[in-house]
Amino acid sequence: MTAETFDPASAAIAIVTYNRSALLTRLLESVVTMDPRPGYVVVVDNASVDNTGDVVESFRERLGTELVYRRMESNTGGSGGFSEGMRLAYELGAEWIWLMDDDVEVIPDGLAKMGKWAPRFKSIQGRRYDYDGSEFYWQYRLSIPFGVPIPFAPAGFDDSGYREMNSGCFEGMFIHRSIVAEIGLPDPRFFIYWDDSIYGWLASRKTTAVIVNEFVLRRTREIRQWDMGIRHLNASSDAYRYYIMRNRGYMKRYFKEHGAYRPVRFWLGSGLTFAKELVRLVFVERKVRGTSNLFRGIRDGRRVAKAPWSPMPPLAAPTADRPAA
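Numbering (our numbering), first residue to last: 122 to 446.
I should point out that these hints are in silico values taken from the structure, not numbers from a laboratory.
Treat the hints with care, since some could be wrong.
[Said to hold, decoys possible] Pairs of lysine-lysine residues, derived as BS3-like cross-links and limited to a Cα-Cα distance of at most 30 Å, are as follows: (1) K377 <-> K408; (2) K237 <-> K327; (3) K234 <-> K327; (4) K408 <-> K397; (5) K327 <-> K427.
Construct the entire structure; sequences and hints are all you get.
What follows is the structure, given as structure tokens:
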């Protein structure tokens, strides 16, 4: 493969799944119908207790590509699953790694659409249709001082067909192995939430990261939402409420490590995050119970920020022209 071309066989799709074999089946069915298909498919199973293993094996011949199945010994969350999936894809030699959850399906020409941008960029996010066929809006810009997404970053595209981003979403992140080598694997300690935001931010520090005007995925699971007119607010869970606050401690350390931490604004960002979760509870889930998970997350996030640990290391030593961050 040259710098001017994209070889689909150089790409790996890395999927994380947990007890959702029916959704995984739909995703793998969509991979079967892809044209072109990737060279590798990696499925990381977070210790499912359903028939996920049997489902994966049933596709081994049908996929027409190399299939790697890794069953974790315990549920490591999306963070641990994507970290392992990226590690496996990297070790297989994949040049491009396309991450996705099990609750999407791939548009048949999705890889071709992503591949046409591959000669220009090394961290790419495609677009996604929501469950009802509407256009899903993803908050692709982070306010780094506040550590929160910018909810009203422009949704439209100009003639260039892309917008620069400084965040990431593991539901569709398409990233080159050279960037993975520089920033390391996703941090499994997050378990869920903020892991892809931080990883996308790290990538944007090494290369021009973009979201492109290409629809490549479709969500296959309906999620309860509150229609705010311009945007939607999805339902959540007690686990998400806990980790969204606890993982602010991990974000704080990553920002500190890279000279981006601004104490007062980051504290205000944590307050905005807390308030958003209260709104989600009342207007989307129609309840008030669950706030205790937010407070537990704040408490444990402070412990995380003070604990002795280091961010994920790079996979390759920096060169003279590509210094460490």
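Tested hints:
no., hint, verdict
1, K377 <-> K408, "violated (36 Å)"
2, K237 <-> K327, "holds (21 Å)"
3, K234 <-> K327, "holds (23 Å)"
4, K408 <-> K397, "holds (14 Å)"
5, K327 <-> K427, "holds (27 Å)"
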